[in-house]
Amino acid sequence: MNIENLIASSLDRSKEVISDSLDRKDFRESLKIASELIIDTYSNKGKVILAGNGGSASDSQHICAEFVGRFNFDRPSLPAIALTGNSSNLTCISNDYGYNNVFSRQITAYGEIHDTLIVYTTSGKSENIIELVKTARPKVKHIIAMTGEYTELLKDNCDVIISVGSAKTPKIQEVHAIAGHMICESVEHVLFGNSN
437 MNIENLIASS
447 LDRSKEVISD
457 SLDRKDFRES
467 LKIASELIID
477 TYSNKGKVIL
487 AGNGGSASDS
497 QHICAEFVGR
507 FNFDRPSLPA
517 IALTGNSSNL
527 TCISNDYGYN
537 NVFSRQITAY
547 GEIHDTLIVY
557 TTSGKSENII
567 ELVKTARPKV
577 KHIIAMTGEY
587 TELLKDNCDV
597 IISVGSAKTP
607 KIQEVHAIAG
617 HMICESVEHV
627 LFGNSN
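Heads up: take any position in the sequence shown, counting from 1, add 436, and you land on our numbering.
The set of hints was computed from the structure by calculation and includes no laboratory data. Please note that a few of the clues may not be correct.
Pairwise CB distance ranges (calculated) [as the list claims (entries may be wrong)]:
# : residue 1 : residue 2 : range
1 : Ile443    : Asp476    : 36 to 46 angstroms
2 : Phe509    : Asn531    : 15 to 25 angstroms
3 : Glu588    : Asn438    : 32 to 42 angstroms
4 : Ser455    : Asp595    : 18 to 28 angstroms
5 : Phe628    : Thr527    : 32 to 42 angstroms
6 : Glu440    : Pro574    : 52 to 62 angstroms
7 : Ser450    : Tyr586    : 15 to 25 angstroms
8 : Tyr535    : Glu440    : 20 to 30 angstroms
9 : Ser524    : Asp456    : 13 to 23 angstroms
Here the structure is a predicted model, which means the values were calculated and not measured. For each residue, glycine too, the CB sits at the ideal point set by N, CA and C.
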């Protein structure tokens, strides 16, 4: 397959996964619920905490920045922490407690009663994310999971799961980026009342 055909084929697959996700009623409802949970958190002086591995670590930091900085317009900063951002925490905890505890150890330090945790795992099986949501459940108010088609290990400890109907990590991440933006836009609009 030449590069032109490869690109065309990959774009067709992206379009299919994105369209299938965005057209699903349950997907849209999960975005609405997730937005409402985060609005509740910020209305009660809580913060958003995010985590993921690899590309999903970047996704968590991206959405963290949208809350702390801005999304569509200037407004007050919203408190958010990405558990992936401090390399000393990551290496210390991994070395002393094992990588499965790299996020759960941090949630015990940062998680509070009005907070929302957002986790990213395209497989739905990342051991450190599963450990994180179990540890976070009694500590934070809401837990939102961004995942692919497999949700079995997350469903008992999450308030809402934003599931993409694919097993292909890059395609799932493309939809996660859209979902994160939709949530940020909704939260920003409701809290600060600007429709620009």
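Now for the hints, and whether the structure bears them out:
Ile443 and Asp476 have their C-beta atoms about 42 angstroms apart, which keeps the hinted 36 to 46 angstroms range intact. At roughly 42 angstroms, the beta carbons of Phe509 and Asn531 sit outside the given window of 15 to 25 angstroms. The hinted range of 32 to 42 angstroms is satisfied by Glu588 and Asn438, whose Cβ atoms lie roughly 40 angstroms apart. Separated by about 27 angstroms at the C-beta atoms, Ser455 and Asp595 satisfy the suggested range of 18 to 28 angstroms.
Checking the proposed 32 to 42 angstroms range against Phe628 and Thr527 shows it holds: the Cβ atoms sit about 37 angstroms from each other. In this structure, Glu440 and Pro574 meet the distance hint of 52 to 62 angstroms, their C-beta atoms being roughly 53 angstroms apart. One distance hint, 15 to 25 angstroms for the beta-carbon pair Ser450 and Tyr586, holds here, with the actual separation near 20 angstroms. Taken as a hint, the range 20 to 30 angstroms is violated for the pair Tyr535 and Glu440, whose Cβ atoms sit roughly 40 angstroms apart.
Restraint check, Ser524 to Asp456: a C-beta distance of roughly 41 angstroms breaks the suggested window 13 to 23 angstroms.
Taken one by one, the earlier hints fail for this structure at numbers 2, 8 and 9, listed in ascending order.
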